[in-house]
Amino acid sequence: MTPTRQDDVQQLLETLSPIEKKILPFLQFPVDQIVQKCGLDMTSVLRALRFLENKGALKLTATNKKIVNLGVNGLYYKKNHLPERSLLLLLEQQTPLTLDEAKKLSKLSDNEFKVSLGVLKSKALINLTNGKVVLNASKEELSKKSFEEQLLDLLPTAFEKLAPEQLFALENLKKRKDIIEIEERQDVSFQLTSIGKQIAGKEVSADLIEEVTPELIRSWTRGKKFRRYDIQAPVPRLQGGKRHFVNQATDYGKRIWLEMGFKEMTGNKVVSSFWNFDALFTAQDHPVREMHDTFFIKDVQAKLPAPEIVQRVKKSHEEGVGGSKGWQYLWNEKTAQRVLLRTHTTCLSSQTLSKLKKEDLPAKFFAIGKCFRNETVDWKHGFEFNQTEGIVIDPDANLRNLLGYLAELAKKMGFEKVRFQPSFFPYTEPSVEGMVYHEGKKEWIEIFAAGIFRPEVTIPLLGEPIPVLAWGPGFDRLMMMAYELGDMRDLYSNDIKLLRNMSFWKQ
Amino acid sequence: MATIKVAKTELEKYTPLTPQAYATMNLMGIPIEAVHDQEVEYEVLPNRPDTLSVQGYLRAFKAYFGKEPGLKKYTVKKPEKDFVVRVDSSLKNIRPYTACAIIKNLAFNDAKIKEMIDMQEKLHTTVGRNRKKLAIGIYPLEKISLPITFEARKPKDIRFIPLESEREMNGLEILQRHPTGREYASLLDGLEKYPVFVDNKGKILSLPPIINSHETGKVTYQTSEIFIECSGFDFSILKKALNILVTMFADMGGTIYQMEVVYDNKVITPDLSPEKVKLSLEHTNKLLGLNLKEKDLETLLPRMGYDYAKGTVMVPAWRVDILHEVDIIEDIAIAYGYDRLIPQIPKVATIGEESEESKLTRKLASILVGLGLLEASTYHLIKEEEAKRAKLGEEKVETENSKTEYKILRPNLLIPALRIFSENKDNEYPQKIFEIGTVFKKSKLSETGIAESEHLLIACSPSNFTDLKQILDYLSKMAGFSYALKEGTHQDLIEGRTGVISIHGKETGFIGEVHPETLQDWNIKMPVTVIEFSLRELLSKS
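Chains A and B supply the protein sequences, listed in that same order.
Residue numbers for the first sequence, in the working numbering: 1 to 507.
Residue numbers for the second sequence, in the working numbering: 508 to 1049.
Since the hints were derived computationally from the structure, they do not count as laboratory data.
Hints are not guaranteed to be accurate.
As the list claims (entries may be wrong) - Covered stretches of chain B, going by a simulated chain A footprint (3 or more residues, C-beta under 8 Å):
#1 532-540
#2 876-886
To be verified - One side only, chain A facing chain B, incomplete, derived with CB under 10 Å:
#3 246
#4 263
#5 265
#6 268
#7 298
#8 300
#9 302
#10 455
Said to hold, decoys possible - Residues of chain B clear of chain A, computed beta-carbon distances all greater than 10 Å:
#11 673
#12 771
#13 821
We put the beta carbon where it would ideally sit given N, CA and C, even for glycine.
Only chain A is shown next, with the shape it has when bound in the complex (with noise of 0.2 Å):
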């Protein structure tokens, strides 16, 4: 043992705390009887004990303990009886009975009712022939107490005390409803180090000061000493208000279309075949439009815009609209009617360019905003989904500066190199696909789906072939990234835990 300075110990009580002054004098007893003499809470103690541990007076153990104890369910049938006793009391007085009686005079719930017939059946105390209950058990089985009742009885107490057929009572009545709740208690117990051994049982005066307060200021005279803090010693945490991390990081989305000049779209997420399909010039036998990858709205049809729009829609489908060959089929504005949640912001493009005039170009747009798809949930996938979408209408557009908008993007998120590749989308042509290189990840990610609208499309919406630049950076994938998520379900788990912890948006 290395002798301990007696400066050591003057400064050590120079930083004790009201609380640990409180519990200084009892320390050679165990923590419950500590509760007992020093007239504070367990948590206060446990908190005094652990401000000691940090100051290297003494050595904190902790065991856990499990205690069996009654849950909601179970304090009630401990003060009434489990259901099967019921039952079983009801039949003492009147077997056997059908199903239905038993059920209605036994006045137990539908759950209750299936549980008792189940017990007391693999216990033989009843038959159930001819959908009827009947007693089977004897005057003596009767007045037996069950091992779960008696179960019930000795609760709480501690798991390690159960011997085998409480356990295995315990196992039965742990499958029922809220009979039993298990918690996980903590024993502490502490060891004084050397110096924790000098100032053990020691009354400490109480001429530091504590506090500055407002009568100590206007009191204040030289020489005074304050109590020293351990400022290492950690502090009850804080939680702040913050928006959602998934809307911080759209509204950063926003933030960079607003800075290069484009103007917000908004509008339903519940629309139409036709303008999240049909106007896009998606053939209505396409796969996509398939129950299985969209989510259908049941006894609704849609209303279908003006008849121009729909009549040109209809023949860039059937015979193609400036030199286009369509699709060649018999479109159907059924088909159209049928609504949806929108699969892509797309629609909203759509939509808008529908409205455009003239004199508005050229023009330049996005939206930000859920869309939707008939997909099953697991770490990577889920059914809904952000997507963001900008267009620019510009008589003059060309893929070149498609290829510059999407680079300037990139370039506006962080990432500094890009490169395209071919796609296919059904309504754009040509059309791009775009990566970026994440420095983190040291690899090429997709993010862009881009392209320039079909003539099949701008023709019937904006009456000529203006082309239309289109382009939809995927933006959960980046979110997963930037907050270094590996479960796509935690962008829509809302488990405050997660939401408190989730640091900003980097950006």
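Chain A is fixed; fit chain B onto it per the hints.
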């Protein structure tokens, strides 16, 4: 989407597989999905089903890498005697069209048979929309006698042993009992007669789009001559699909023979003569932002498998995706190289503008965040059991065939908020949340029959009426709107502690303490007080 593997040795015949070569392959418009030890796996986008076979891919590859540029020519022989398929008019509303061919001089082995079947399946699932639009049958010629008839028959008059079966079945039995029959039965649903191909001796070759006969419809390694038919509803697609198939077989070493397909008039298939399409150099340069010359087109287009002369492009008969000049212009860009296109932002000034909704959301959110509230963001769909718990009846807006338990569009933000509290019982209290989001209800007035509005929800637990009214007061003062409260009722709130919120004189929402019964239903153990109102009035003001 379909992915196909091609042996590296096949590609290495034309170019060493350097990193540069892989980069170039990605610029072809047929992206590489993965590079394996022996093979390169590529992805076929829906516009290029002609590359669903390795042969088709190699054709595109050789052209793009400049090894065999230009339109590939195939020899097509005229129909021989009895190379005839008669199409009966009884098929009219059943499966009216077929395009057919015969291939000779094939040498099959197990690998080639597998390749053929794979190709057939891939065409079925992509272009064929799972056999609805296109079904392909391939038969060993030695087992059948020409000419062939395509006709419609009553199901019970169709009897043959289907592939992978041991006994004869009739049409109905095949649809009910045979695994492939069951899988595709819906395609013949409700028809009185089914389509069949029958040979000259009356033997049934197949029941398209379901299955071939075991006897006459199974290609083996002994087969050297085959009969191919594509059946469906759109003759032009059938012809293209047939062209894709016959050129694949020709690249395997086969010789293509035409057949006479006899409707009211005779049509000869396959027809591999290219389609002539006019191309404007001016349009090309304008759309791509390039300054190409006529002679550039003469070198660029052949690299995508076209021939080009004086403003006219010869489009291969197996390309299904050339609907418009722009489709060819894209191919010019691909031949030019997307990597060589220099990005350029035009100097066009436009003014950015945030939507009213976004502005309002930002304002409300920053006020509430200042009060220490956390913003939530929940699914727009709620679970069926939640809808039941909230006693939603006829008015609920339901999706069809959802793959998860989330099936119904949320009518309010209270339901998701209660879900949040019930799922966060183990997290530290107090829990104070808000959400701004869209809610849905049926409405005859709206274009889709569904009306949407933006709502704000605030909920705190544990909390009481006073706590939330303080928040509402602060919010209205800071956001610059006034509200009025009057006593009201709400199925989930405690009577006497429920207020109806009016903004600009219009009732838009409520404030109140959630009833213990509702809390119990949701298995929530702490008191909750909520505010929910529509932002309609706040939006219409600005």
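Enumerated hints in conflict with the structure, sorted upward: none
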